[in-house]
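Here's the letter readout for the chains.
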Amino acid sequence: MDFTYSPKDLAFRDELRGWLAANLPQGWGETVFLPEDEDENAMFRLDWERKLYKGGWNGIAWPKDYGGRGATLVEQAIFAEEMARAKAPEGLNIIGRNLVATTLLHHGSDAQKARFLPKIISGEEVWCQGFSEPNAGSDLAAVRCQAVRDGDHFVVNGQKIWTSFAQYSQWCILLARTDPSAPKHKGISFLLVDMKTPGITIRPLRQISGECEFNETFFDDVRVPVENLVGELNGGWRIAMTTLAYERGPEDALGRQLVFRQELDQLLATAAKLQRGNRSAIEDGLLRQKLAKSLVGIEIMRLNCLRAFSKSLKGAPRGAEASMNKLYWSHVMQDMFDTAMEVLGPLAPLTAGDAHAVDGGRFQLGFLRSKAFTIYSGSSEIQRNIIAERVLGLPK
Amino acid sequence: MDFTYSPKDLAFRDELRGWLAANLPQGWGETVFLPEDEDENAMFRLDWERKLYKGGWNGIAWPKDYGGRGATLVEQAIFAEEMARAKAPEGLNIIGRNLVATTLLHHGSDAQKARFLPKIISGEEVWCQGFSEPNAGSDLAAVRCQAVRDGDHFVVNGQKIWTSFAQYSQWCILLARTDPSAPKHKGISFLLVDMKTPGITIRPLRQISGECEFNETFFDDVRVPVENLVGELNGGWRIAMTTLAYERGPEDALGRQLVFRQELDQLLATAAKLQRGNRSAIEDGLLRQKLAKSLVGIEIMRLNCLRAFSKSLKGAPRGAEASMNKLYWSHVMQDMFDTAMEVLGPLAPLTAGDAHAVDGGRFQLGFLRSKAFTIYSGSSEIQRNIIAERVLGLPK
Amino acid sequence: MDFDFNQEQYMFQDTVRDLLASALTMEHLRSGTPAELWGQLAETGVFALLTREEDGGLGLGYTDLALIFEEFGRALVPAPIAAAIVAGGAIARFGTPEQRAQLLPGHGEGALRLSSAFAETVATVPAAMTLTARPTDAGWTVTGSKILVPDAAAADKLLVALRFGDDLGLALVEPSRAGVTLREQDTLDLTARYHEVIFDHVTLTAGDIVGGRPDPAAVVACFDAAAAVAALQMTGMAARTLDEAVTYVGQRKQFDRVIGSFQAIKHRCADMAVAVDACRSAAYYAAWALDEAAPDERARAVSMAKSWCGDNARFTCNQAIQLHGGIGFTWELGLHLFLRRIKCEEASFGDADWHRERVIGATLRSMELAG
Amino acid sequence: MDFDFNQEQYMFQDTVRDLLASALTMEHLRSGTPAELWGQLAETGVFALLTREEDGGLGLGYTDLALIFEEFGRALVPAPIAAAIVAGGAIARFGTPEQRAQLLPGHGEGALRLSSAFAETVATVPAAMTLTARPTDAGWTVTGSKILVPDAAAADKLLVALRFGDDLGLALVEPSRAGVTLREQDTLDLTARYHEVIFDHVTLTAGDIVGGRPDPAAVVACFDAAAAVAALQMTGMAARTLDEAVTYVGQRKQFDRVIGSFQAIKHRCADMAVAVDACRSAAYYAAWALDEAAPDERARAVSMAKSWCGDNARFTCNQAIQLHGGIGFTWELGLHLFLRRIKCEEASFGDADWHRERVIGATLRSMELAG
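One line per chain: the protein sequences are A, B, C and D, in this order. Going by UniProt numbering, the first residue of the first sequence is number 1, and it counts up by one from there. Going by UniProt numbering, the first residue of the second sequence is number 1, and it counts up by one from there. Going by UniProt numbering, the first residue of the third sequence is number 1, and it counts up by one from there. Going by UniProt numbering, the first residue of the fourth sequence is number 1, and it counts up by one from there.
For the record, the hints were derived by calculation from the structure and aren't laboratory data. Heads up, a few of these hints could be off.
Straight line, CA to CA, 20 Å or less: simulated EDC-like cross-link-like pairs of lysine to aspartate or glutamate [claimed, not checked]:
#1 K253(C) - D139(A)
#2 K311(B) - E8(C)
#3 K196(A) - E124(A)
#4 K314(A) - E27(D)
#5 K314(A) - E8(D)
The shape of chain A in the complex, shown without the other chains (with noise of 0.2 Å):
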């Protein structure tokens, strides 16, 4: 066991540490933030995607060749930790960087590499993700949504949910039902799909903390050229299955941990702050519990990823450990904003825009974000049914 890095990782280090300090503006996290307009918020997190280009520090797990630096996990994973240390914003293309990329370089002609690619690490090219419906949500293999061929296209037509930045995105990677008679996992192909094409409609969906970070897609005779499609017709499940797959590893999470321990340690600052009748917050043994409670849950998370991603760089294969992750942390920090109103007491009903409010309402923010934690990317049913599965070989 060791947990130090290497002379040659702290150098990758000290180097992203250094151009995030040249490049993040002056008093970042501190005393400028986020913009808090959504649209601008995401044109920030645009321009933000294009500096991190320029500077070689986008997609750094790509190949070489496509722009990247073929960084290896203990970077990838330092990558993470050093953007989570550095409260840098994430840039807006996720789903580009992420599951686009790796799809295309495993299953994309080499036209589609050669033609998407170059722009989505560019952050030329925005990314959103057509995958769930209404009726197909934890059954994603139910999707309804059709796609009929017509002479050189493929003519969408249906409704898909949770569609992130689906009003900044150019481009769209779509599961749609191309054969309705096969069997529900062999109908389905997976296209790409141009925003811009007539017929596509977005309608934001608002969730419970005011944000509208979601959206409903509305596809109505919208024309997708045969030559976006990726892989084999009918051929779709497989390609989303793997897609699915390369959902962030534990080097990442090593980042949403970071961000987790600032968030508490923001709340224990805080509770060492408030009055509570003639005491700090603070000093109160059951709050103290709790936020025990939290403060071991956050660091076991972390030690949780390392384990995991000591594992990935053996080289043992990804397997259900990300779906324990997940459901572990999801809940974990449930727990926390649970306990970050019980530290707020009798201001916990009060909300950004009020002059008694604590932290500028963060953490009721936080709160009504965390109920989200434990349904989307796969909600803790359908985690605990892959772990039963796949890890423990309990039954189907």
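With the hints as your guide, set chains B, C and D onto chain A.
Relative to chain A, chains B, C and D alone:
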């Protein structure tokens, strides 16, 4: 709403209190307790049951024709409460008094009623219950124990499990398969078996607490006269289901709640006297919270019972609220015993025989016993199924 | 022995439930309280119910209101209405004859609006409150503030809990009085407006004090009533979110099955049903205790209910959101309105930990145990 | 960056696992430790592992023992063996050259038995310990007692944590010393004997004190090691009870289906698997911290592990019993041996609440926050 008893009911209560004071041993529950030896304990409880009978206090809910008092529901509740308050032992013949009697009253022949009921209420004949089998637990209809007709007898072969008090019982109610070719619910018969019949072997089944309340009972060519069939041949499943529905209702649960509250009161007294560092355990804010949770939990158990009981009084049919109450209290009480172990702190590992054991090791015994609460009389999983399907109407 | 409601009480519940079903749809909740709700509820008698018969009221008690507050929770009736009923109840029980005569008829008709001011930035329970009236020649003068006062701007009188020297007392202050400023607050609860009420050398006279003089017992009784009402409303919210979840999982199909047939979902719903049932037991008993029990038992009953219902309404609502999957965390579905309101009720009138400490303290005292 | 064990460490685990599988069956556990186990384990090197190479040991660390203690938990290796390893580790690290030379070779061979005495009737953590050595002309004299000392009767030397005036220190006392009385104790743990060790004017000299003089840092380090070992063993018990449950539900049929195909059962097992995985993360890191971290980080790591593993071994074992249904609460099945042992480990070396308080205290200090 009215939480008082009527003058008539209070008179009933006072009569019972007087009888208990006169008939329980001097110092009962203070200096004199149930014998620790399991056999002596059982015999003590049998003697007590016979004493109750002579005093007119056994089977009070039975019709007067069969020696009962035809007690009202309120009287039954008062009886349960007063027995608990006096820490009176429970009579040994629980299966006989509750399950067998009610089954025979509904489904028995006149001859069966005349033969068996008087000796149940008098405590002359103790009964045990041969329903569950190693492979027929939650899935009771899977019973395999066979009864094959041979002249005017059934010949029984098979194994039963969880036959409480089999070693003290004269008779057993037995579910046996009489038609192996029928669908599993339709080939079962309900038999009355004399435990003295040759071929019956009883093997005590030790529980994790070290006690042997239960047994495995083996039937090897046991001959049961055909007149000991209750109801129709192959009609045993329906009878068994009604039998189980007679399991004790909210009026009895009120007594159980009082016993639990007494246990908690003892724990509070213990916490007040136990030293933890330089103060008493009851001054520890974290333990106070946990003890308060148990207090609230147990008090609400009483309120749940009273609400169900009040609906019973108005003639509402008994439904799945017995499942709701069972699920509720079994988990509350497991939590209480966990808290008890925390209260004992460094002394938690020390059991009855040790000089430093707290309160004679009662909480350790209770802790170990409590693990069965969520398993016996319908596991929590089965109760949740019942609630989901019968109360909430969710599909099977 | 009867821990059940009578026919009249159930009929009253039906009346209010029917009224709310038509008067307060999800659309209303999103766009603000319909103006006519106050009057419609007044017609059912809810505002006159706690007022004594000799004062022109119905002379009934919180037991008669228990199912009504549960319906309020179920329908998310905005907070100012419950606050008004509690304030009226305190005046009915502790007010001077003049105060009762002056305020309760209008209150009963829904014409005179009351609200109540308890919370402070550092306290939600009486013993920790700091707002203090200092004696002057003319009476008292108050400087400081109360937060989260339900729609103070629409109120004719505010019932304010504060200190008079060492004693707690309840004062009646109109928001228009000199020195009183209202500041609307941004809160989690989207179904009502709340205000901070700022007092800057506000003058009080004996006539402003409920009962004519500070009465700590009245403050605690009023606090207990408010906490019990919160428990009852949370019970209703828990019951409603359970119903929504059961309905949804009974319809929603995934993997070619209604998801309510998946055992893990069923078991979750069963646990929610048990939680809701126990909420009812606790909250109904607290309501009864407000009317019938001595202060110690009342405090114990209320604190049991407030802590239990807070924890379990949170549990039930969280699970309801979870069981709705992606739809559960959309604004449109509206479950978040319950989540938000429950969080506000949890934080108000003592949180669960405080109430549990009160339960154990009272129990140990009654057992004459140290600690 | 490598939070994983190396090949040697995994091979060592396999060796010990294989040994325990044959040497320590459920039958053994019920009828008492097999006499030859001690020697068999000594042959694997577990007792010599923490001893420095210059003292004839392997010069390895707790990291190398982490998987071994996990196996100990999995196989329910009786408590005296872990107590001996921890005691030997303290002597190896803090003992005088004479103490090391005198004790460690025999300890390493399994010929000289050590045990350790920490718990008192009112304390399981150093700061709260009261057993005190009072100075005399010849050295010190001790009166008082330690409880739950693993098989003190079979030990040649006991490592005793006690006070010397204000300072804590570790003393080595043979059970046969004048004034020492042993009383066998009745405990929940049925897999080992435990004793109360009663000191009645027992004389100690400087030579009895580990390192020659009281050393509070040694006491805390030894306590941390014992707490981490408890966490590691609980991890093994959690893992074992999970395995037992998964095996059982994968075979047991009810309603014509393997019960492991019921979703509620599957989901419970998944939660247990996540709990066990996190136990491993926490406990392995604590083991590493014993070897490599500064005292503050070591304390934080150990306390995280002890609190988390205690709560989650309890959870996992309880669920394993539940998932076995009626069979789960039989004596014969033997799951109760895990339940009992976990409860003893939970109560030893600081309970979960104490360790959580230690985590938050250390964290706030490191952040330079008040409280």
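These are the hints, each one checked on the structure:
no. : hint              : in the structure
1   : K253(C) - D139(A) : holds, 9 Å
2   : K311(B) - E8(C)   : holds, 16 Å
3   : K196(A) - E124(A) : holds, 15 Å
4   : K314(A) - E27(D)  : violated, 40 Å
5   : K314(A) - E8(D)   : holds, 16 Å
Going down the numbered hints, you'll see the structure goes against just number 4.
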